[in-house]
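Asker: Single-letter residue listing:
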Amino acid sequence: MLESIRSIPIDYYVYLSTVLFVIGVFGVLIRRNAIVVLMCIELMLNAVNLLLAAFSTYLSDAQGQIMVFFIMVVAAAEAAVGLGILVMIYRNTKSTDISLLDNLKN
Amino acid sequence: MVLPIFLTLAAISILTALLMVLSKNPVHSVLYLILTFFAIAGQYILLNAQFLAVVHIIVYAGAIMVLFLFVLMLLNLSKETEPQKSAMWKLSGGIAAGMLLVTLVGALRGGIEVTIPENASGKVGLVENLGMVLFTDFVVPFEIAGILFLAAMVGAVLVGKRDLQV
Amino acid sequence: MNSLIPLIPFLPLIGFAINGLFGKRLSKTAVGVIGSGTLLVSFILSVMCFNQVAATGPIQVTLYNFFTVGNLSADFGFLVDQLSVWMMLIVTGVGFLIHVYSIGYMHDDDGFWKFFAYLNLFIFSMLLLIMGDNFLMLFFGWEGVGLCSYLLIGFWYTNKEYGKAARKAFIMNRIGDLGLLLGMFMIFQNFGSLNFGEIFAALPTVRLEAGVVTTICLLLFIGAMGKSAQIPLYTWLPDAMAGPTPVSALIHAATMVTAGVYLVARCHPLYNLSPDAMHFVAIIGVVTCIFAAIIGLRQNDIKKVLAYSTVSQLGLMFVSLGMGAYASAMFHVTTHAFFKALLFLAAGSVIHGMGGEQDIRNMGGLRKAMPVTFWVFLIGTMAIAGFPLLSGFFSKDEIFAFTYAHGGGWWWGFAGLGAMFTAIYMCRLLYVTFFGEFRGTHEQAHHLHESPKVMTVPLMILAVLSIVGGFLNTPHFLHLGNEQWLAHWFSSVIPLNEMHLEASTEWGLMIFTTSLAVVIIIVTYFIYGKTSNLPVADSAQGGLTRLVANKFYVDEIYDFLFVRPLEKLSKMFHYYVDIQAIDGIVNGVGTGIQQLGAQFRKLQNGNIEYYLLGMVAGAVLLMLTMWV
Amino acid sequence: MTALLILFLTAIAVLFVGLKYRSLLQPLALIGTLLALGATGYDLFGPGFGWGAEYASMFRFMPFADAFSGVAILATALIIGLSGWGFRNLNSTLGDHYALILFSLCGALIMFSYTNLTMLFLGIEILSIPLYVLAGSRRDDPAGNEAALKYFLMGAFATGILLFGMTLVYGATSSFDLASISRAIGNGDQMPSMLKVGILLMIMGLSFKVSAVPFHFWAPDVYQGSPNLVTAFMATVVKTAGFAAFYRLFAIAFPGAEGFWSVPVAIIAALTMTVANATALFQKDFKRMMAYSSISHAGYLLLAVLAIGTEGADRALLFYTLTYSLATICAFGAYIAVAEQSGDGSFSAFNGLSTKQPLLAAVLALSMLSLAGIPPLAGFFGKYFLFTAAFAKYPWLIVLAVINSAISIYYYFKIIIAMYFTRLSAEDSAEADAPNGIVLPAGVRWAVMLGLLLIALLTLAPGSVYGLI
Amino acid sequence: MSLIFILIPFIASAILLLLRPAGLSRHLALVASLANLVATAYCLTCDYSQGMNCTFSVPWVASAGISFSLGMDGITLIMLVLTNLLAPLIVLSSWGKAFENEPRYYGLLLMMLGALNGVFLAQDGLLFYVFYELALIPIYFICAIWGGQDRIRITLKFFIYTFVGSLFMLVALLWVYLQTNVNGQHSFAWADLVAVPLSPEAANWVLLGFFLAFAVKMPVFPLHTWQPDTYVTAPTGGTMLLSGIMLKMGTYGVIRWMIPLAPEAMHTLNPIFISLAVFGILYASIIAVKQSDIKRLVAYSSIAHVGLIAAGILAWNKAGVQGGIIQMLNHGINVVGLFFIVDMLERRLGTRSLADMGGIAKSAPKFAALFMIIVLGSVAVPLTNGFPGEFLLLNGVWNYNFWLGVLAGLTIIFGAVYMLRAYGLVVFGEARPETANFEDVNPREFLVLGIIAGLVIVFGFFPQSILGLTEMSVDRILGAVQL
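Protein chains in written order, with the working numbering: chain A, 1 to 106; chain B, 107 to 272; chain C, 273 to 900; chain D, 901 to 1369; chain E, 1370 to 1852.
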C-alpha cells in the first residue's frame, strides 16, 4: 500500500502544491473582487494542505494531517470574519472592489 | 497505476484552479474552486488519508464554499459587476507570480529530501490513528482552537450586527 | 636693593592701575604726578641699580614660577646686568621726560588720564622686556609694548584711520612675534631652557645640528624686524604717527622700536655662531636704512619724516649688529633715543603751536615764534645729521668705522649713503619748517606760540643729552679721555669688539663723513632755507618724486598681495566653501535622505493591489538569496 | 498558563457582563489583566504555581515566555486604562471590544510560549483575527473599513506564505516540534534546499506580522485607519508577540541554520530601518508617523533575531519591547487626549501643547525622546542592548541602525517642535486659555503617568528588567 | 563627593521644571550653581597625586558591566572648575532678561550643568556617553525655545549633527567594550577599556569613531558648519553654555577617552586629525576676518581657538595636553565674556551688525575697557589668561611637527586681525546716533564682566596655579598611554 503510494516521487507533490500555491498568488494579484481574492487565498491554503497530507503519508507521521485540520479550522474562521468584513464594507460602499479602497495613503 | 491517477488529478486541479482565477464571473470562480477541492480530495484519498478527504469535502466544499457562494448571492455579484483589471496589470501580476514560481521551483529542484522512517505504516491517515494523536499530544492546540473560534465568532458578530445605539 | 628691583617695573604698573581705575575722577595734576612720579622713582631705582651693578655685577631676582610644564619652565624673574640696566636708564629716564612733556602736551585732551595710564603700562611692559631673565619674560614685554603701541596709536579712537593704523601696527608686530615665538620653541628644544643665563652657558656644550643656530637667529630676527620696523615689516611705523606725538617720541623712536636691537644684542652669543644670520641682519639693515631714507626725502608730514628717519636709523643699528658691533649698536640706540625723542617732542611742540597742523608746507619761519623749539630742533637735526661732536656724530661714526673694518668699502658706502640721505631730509625738514616765511593760515599765525615750560624743559634736557651723549663712547683715536666707556661698561655682557683699523684710516673716514655732513647741511640750507624752494603739492608731483612721495607704493603692494587676497579668501571660504560646499554637503545628505523618503513614499499609494504585488516582488527577491 | 487562563476567563466574563453592566467592563478587564500580570509575576519572580508551565511539546512558560507575557499584559493593562476615554463612545459593542482585546492577548501569550509550529500558527491566528475585526470595529467609518480589509486580506495572504514555509520545514525535518526540528537540522551543513525555502517563506510570513519591509505595506494604512487604541495595541502587543515568536522560532528551531537565514534577515532588517525612517520623514499624521516608527523599530528589533546565539540577545529583545511599548502607549495616550478633543490628527494639533497642557506635553516629549533613543532615556538602553548584542556579528548593520536612529530624530522631534517651539499666534493663545481647551481625562492621566513612571524606572535602573531572563 | 556635582543641579532642575516657582527660579538657579562652585572649591583641596579621588561607584546594569562610576583627577577638576565657575556667571548674565516661562529656562540650564559635570566625572564608558548625550537635550530645548530667527531648523540640524557624531562614538565604544573581558564579563570601566589591546585595523575604526564625535562637538573643520548658525540663533545663555563649556566635552573626551582607548591608531590617523585641526584654525580665522555679524565672528573665532586646543591635545605631549587643559578653562572664560558682550550690544542696539556700531568708547568707557580686557585675553596677549595656554599649545603642536606649528602659529596673527577689527568697529570711530547714548554697564553686568576680566588677568599672571593642579594627572595619563 505504502509502497504504491510512494511510487510517486514526493517531488511531484511538492511541485504540484507549489504550482497550485502560485496560481493562488497569481489570483490574488490579478483579481479586484475581494471575495475572489479570498478564494484565491483559500486555494493557497489548500495547496499547503495537500502538501502537508503528502508529507504526512510519506513520513508516516500523523502530525501533518493534524495540522491540516487546524488549517481548516483557521480557514473557516478567517472566512467567517473576512466575509463579515466584506459584507460590512459592501454595506458602506456597495462594492467589493479592493482597488476602490485607497483613501489611506501617504 | 497510481501515477496516472495522480497526474490526472493534478491536471484537473491545476486546470480548474486556473479557470477559477481567470473566470470573469465570480460565481463561476466559486464553482471552479469547488472542482479544485474535489480534485484535491482525490489526492487525499490517493495518499490514503480518507478521513482527511472527507473532512475536506465537508468543510471546504460543503461549508466554506457555500458560505462564499451565499455571500456572492447576497451581494448579488455577477459578471457584470465584476471589476476587471487592465491587461497591463494582469501581465505584471502574471510576471510576478511566474517569477515566484520559477524561483520556488528553481530553489526546490533537486533539494527535496524526505527522511522516510524504517517502520513506516500506511495507516497514519486513519481516524483511529489521528484521534490518538489529536487527543494526546495535540490536545492543547485542540483546546486553543476553541479560543480561536470563540474570538472569530465574537468578531464576526461585532462586524456583522447592526449598531443599536444609532 | 634686590627686593626693590621688582618695583622698577611694577611702579609704573601701579601707576597704570591707579590712573586706569580712578583717573577719571582725579585731577589732571594728580594724574600727571602719579604717571610721572612713579616713573621718576623707577628711574631713581634704576640709577641705584646701575651703581649696584657697577659695584657687584649682575643681579638676578626671581619673583615666582610662572609655569612649569615638564622641563619647560619659566620664572617671573629679572636679570639686571650691564646691558639691561643701561636700557632701564634710557627707558625710565627718557620716559620720565616724555611723561613730563605730556602733561603739557596732552593737557586739553579728554583722555588725559587714559593717556597716562597707557604710557605707564607701556613703561611696565618695556621694563619687563628688558629686565626679564628669560625669553618668556622678554616675550611678555615684547607683546606688551606692542599692545600699548596699539592702544596709544589708536588713542584718538574716534578717527577710524587712526584705529586702522593701530591695528596695522599690532598685526605687523604680531607677525614678528610669531617668529620670536617659534625661535623660543626652537631654543627650548635645543637648550632645554628659556633662561638667558642657562642658554648662553650651555652654548659651548650643546651639540647643534647645522643650520639650527641660523634658523633660531633668523626666527628671532623676524621678531626684531617686526618690532624694529625693518623691511618688509616696516610700514606700520610711519602709520603709527597717528598717535599723540609723545607716543611717537617714547615708543616709536626712543624705546620700543629699539627692542629688536636689544634682542639681537642680548642674543649675540647665538648670532656669533651664525655668520649667515648676521649677514642677513646686516643686509636687511642696510636695505632698510637706504630705502627708508629715500622715502624720507619726499615726505611733507613732519612726523612722517621723523618716522622714516627712525626706520632708517634702526636699519643702521642692524647694520652694526650684523657687523658684530653690538656695543656700537647699543651706543647708537642710546644717542638715537636722545636726539630722536628730542626731535619728536620738538615736532610735537611745533604741532602743538600750530594747532594740530603737521604738513611742513604749511609752516615756515617758525624760528621766530618758537625759539626754544627751534633751537632744540636744530640741535636734534645736527645730532642726527652727524654734525661733529654731537651725539649722533660719535655713534654713527663708530658704526661706519666698524662697517668699513668688518664689511669693507661697499658696506661702508651703502651705510654712508643712508646717512647722507638722512642728513639731507633732516635739513630739509628743519629749513622748511623753521626758516622762510610763515605759510599757515591767518588763524594759525594768530594762535602760534611757544610751548609751556612743562614741555620745553624736557626738550632742553634732551637737547643737552643730544649734545653730550656722544661722549659716552668716544673712539680711541681721538683720545678724549673717555675712550669706549660704554663698550667697556657692556664688556662683561658683550665682549669688546676689536677693530683692526689704522688710526689714519679712521681719521680719513671720519673726516670724509663729517665733511659730507657739513656740506649737506650748508647746501640744503641754500636749497630749502634761503629760497622758498618748497615741496610741491601732491598733485603736482611727477615721475620719480611721486613714486618716492608715495612711499614706493609699498602699502598698496601689500594691500594687493596680502590684505585683499585675505579678504577675498575670507569671503570665498565663507560663501563658497562653508555655506555652499561643506554645509551644502551636510544639507545635501539631509535632502538626499528626504528624497529617498519621497521615493519610498510613492510605494505607499493606498492601493492594496500594489501592496500585494510589492509583497510578492519582495518574496521573489528574498528567494534570490537562496543562490547567494 | 495561569495567566492565559485568567485572561481567557476574563474575556468570557466580559462578554457576558457586557450584555448588561457596561460600566463594570473596564474595571473587570483591568482586574483580569492585573491578575494575569500578578500570576505571571508569581511565576517569574515567585515560586510559581507549579503546574501548566509546559505541556508535551506544545508550550513552555519558562522565564522567556513569562517575561514577555508580562510586557504584553502590562501594555494591555495600560491600554485598558486608556480605554475609559478611548472607548467612551462605544455602547453596545464595548464588551466585544474588551473581549477581543483579551482574546488577542491570549494569542500573544501563546506566541510567547509555543514549542510547536502548530501552536505558533494558532497563536498568530488568535492574535490576528480579533484585530482584523477591531481594526474595522467602527463600522460606519470608511477608514476603519478600509483598514480592516487591508489588514485582513494581506494577513490571510501572509498566513498562506507562512504555512507553506512551515509545511516545507515539516517535510524536511519530519516534525513540528521546535526541538526536533533543531535536532534534524543539526549544525546546518547538510540542509536540503526544501528546508531553506521553508525557512525563507517562514521569514516572509513572520516579517509580515512584525511589519518588516517589504511586507510592511499594511502597517501605515491600518494604523491610521484603525481606532486609536487598537492602533496602540497593534503597535505594542502585536509587535512584541511577533518578535518574541520570531526570536523563539529561530533561537530554538533554526539556530543551526543561522548561516543561511541570517543573510535574508539582515537584508530585511537593513531595508526595514532605512525605508521606514526615510518615509516617516514625510508624514504629517501622527498615527501614520507612529506606524513608520513602529516599522523602523521592527528593523532594530530584527537585530535581536540576528544576534541569536549571543549572550543577552533575548534580554535585549525583552528590554527593547518593554521600553518601546511603554513609550508608544504613553505617546498614544497623549495623542488620544489631544486628537480626539481637537479633532485633528496631524502634527499641528500639538502646537503649543506645552503651554496648554504641560504634563501631557512632557509625557509626549519624553516618549518621543525615548523612542528616538536619546540617552539616558530607557529607549536608549533598549537600543544599546540590542546593538551590543548584534554588534559582533553585524557591525555594518549596527552602523546603519545608528545612522537610522539619527534620521528618526527628525520626525520624532517634529512633535516636540510643535509642542514646545511653535509659538502660538494671539488667536491660538486665546483659544488655549478658553475653557474648551484640552482637558486631561483622569484615565489618560493615570495611564500615561504610570507609563512615564515605568520609563523613568527603566531609565534609572535598566538592570532590573535586563537581568530578568 | 562627586555625586554632589550631579545631584545638586538635577534636583534643583527637577524642582524648577516640575514645581515651576515663577518668581524664585533665578534665585534658586543661582544658589544651586553657587553651591556647586563651593563644592568645586572644596575639591581643589583634595589630593590627586594618587590618581582618581572622590570616587563613587555603584553598579548600574550589573549584568552588562555598566556601573554608575564617578571620580576625579586634576584634569576633571579643571573641567569642574570651568563648568561650575561659568555656571553662576551664565545665570547672572541671563538675570535681567525677561523670559517667557522662566523656571523652565533655568531648570534646563541646571540640567545641562548636571549633565556636563557628569560628563567630566564619568569613569564608565557608557555613563560618559549617556551624560554626553544628556547634555544635548536641555541645550536643544534652550536654543529652540528661546532662540532667534530660524531657530527650529538650525537647532534641529545641530541636534542631529552632533547626535550622529556621538553615535559613531557609541559604536566605537561598543567595539572596545566587546573586547573587554573581566572575569568572563564585559566591562565599561575606564581602566578595563583602556587595557584592551586592539588590532591595528580595529584601532583605526575606533579612533575614527571617537574622533567624529568629538570633532563634531568641538567642532573641527570640516564638521563645523552647524556651529556658527547655532551660536547665532541660540539665546545668549545657550551660546555661552555651548561655547564655554559644552564644546570642552569634545576636547576633554579626546584626552580622557579617545586617545587612551585607541592609541595604537594614532600613528596612522593622527597626522590627518592634527592637520584638519590646524587647517581649521586658519580656515575659521580667515572667515572671521570679514564677518559682519559680531556673534558669528565670535563663533568662528571659537572654532579657531578650539582647533588649536584640539591640535595641541592631539599632539599628545605634555606641553600640548597641559596647554589644552588650561586653554579649555580660559577659552571658556573668555568666550563667555565675549558672548555676554555681544548680548549687551544686541540688546542695546538691536543689531549684531558691526557696520551699525562704533563710537561706543565715548558713552560707555567701562564697557569698552572690560571688552578690551576680554579681547586681549582672547587674542592671547601675555599676562592675560589666553597666553599660557596658547603658548603651550603652539609649543605642543610645534613639537609634533615644525611646519604644523608654524601654520598653527599664524593664529596669533589672524586672531589679532579679526578680534581687533571687531573691537575697533564696535568701540572706536565716531559715535552714531544709535550708539551715542549707549548705556554703560549696569552693576549686574559689571559684576559679571568684572569677574571675567579679573579672571583674565589673574590666570594670566598665575597660570601655574592651574597647571600645577593637573600636572600629576597629565603625567599619569601620558605615562599610561604612550603612542
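To be clear, the hints were calculated from the coordinates, so they are not data collected in a lab. As the structure is a prediction and not an experimental result, all values here were calculated from the model. Among the hints, a few may not be true.
With a cut-off of at most 30 Å between alpha-carbon atoms, the simulated DSS-like pairs for lysine-lysine come out as follows [as the list claims (entries may be wrong)]:
| hint | chain 1 | residue 1 | chain 2 | residue 2 |
| --- | --- | --- | --- | --- |
| 1 | C | Lys436 | E | Lys1526 |
| 2 | C | Lys843 | E | Lys1659 |
| 3 | E | Lys1731 | C | Lys640 |
| 4 | C | Lys576 | E | Lys1731 |
| 5 | A | Lys94 | C | Lys840 |
| 6 | C | Lys874 | E | Lys1526 |
| 7 | C | Lys640 | C | Lys725 |
| 8 | E | Lys1735 | E | Lys1659 |
| 9 | C | Lys432 | E | Lys1735 |
| 10 | D | Lys1184 | E | Lys1731 |
| 11 | C | Lys432 | E | Lys1526 |
| 12 | E | Lys1659 | C | Lys840 |
| 13 | C | Lys300 | E | Lys1731 |
| 14 | B | Lys229 | A | Lys94 |
| 15 | C | Lys576 | B | Lys191 |
| 16 | E | Lys1526 | C | Lys843 |
| 17 | A | Lys105 | B | Lys191 |
| 18 | C | Lys300 | E | Lys1735 |
| 19 | A | Lys105 | B | Lys229 |
Asker: Please work out if Lys1735(E) and Lys1659(E) have their alpha carbons no farther apart than 30 Å.
Answerer: holds, 27 Å
Asker: Taking only the CA atoms, is the gap from Lys432(C) to Lys1735(E) under or equal to 30 Å?
Answerer: holds, 21 Å
Asker: What's the verdict on Lys105(A) and Lys229(B), does the C-alpha distance respect the 30 Å limit or exceed it?
Answerer: violated, 53 Å
Asker: Would the hint linking Lys94(A) and Lys840(C) be met if the CA-CA limit is 30 Å?
Answerer: Violated: Lys94(A) and Lys840(C) sit about 72 Å apart, past 30 Å.
Asker: Is Lys105(A) close enough to Lys191(B), meaning Cα to Cα at most 30 Å?
Answerer: With a Cα-Cα distance of about 21 Å, the restraint between Lys105(A) and Lys191(B) holds, given a limit of 30 Å.
Asker: Are the Cα positions of Lys300(C) and Lys1731(E) separated by 30 Å at most?
Answerer: Satisfied, since the Cα-Cα distance of roughly 19 Å is no more than 30 Å.
Asker: Between Lys1526(E) and Lys843(C), is the straight-line Cα distance small enough, at 30 Å or below?
Answerer: holds, 24 Å
Asker: Can you confirm whether the C-alpha distance between Lys843(C) and Lys1659(E) stays at or below 30 Å?
Answerer: Judged against 30 Å, a Cα distance of about 7 Å means the pair holds.
Asker: Keeping to a limit of 30 Å between CA atoms, is the pair of Lys300(C) and Lys1735(E) held or broken?
Answerer: holds, 19 Å
Asker: Between Lys436(C) and Lys1526(E), does the CA-CA distance stay at or below 30 Å?
Answerer: The given pair, whose Cα atoms are some 38 Å apart, is violated under the 30 Å limit.
Asker: Is the hinted pair Lys1659(E) and Lys840(C) satisfied, with a Cα-Cα distance of at most 30 Å?
Answerer: holds, 9 Å
Asker: Starting from Lys576(C), check that the Cα of Lys191(B) is at most 30 Å away, please.
Answerer: The hint is violated at about 95 Å.
In this structure, the hints that do not hold are numbers 1, 3, 5, 10, 11, 14, 15, 19, in rising order.
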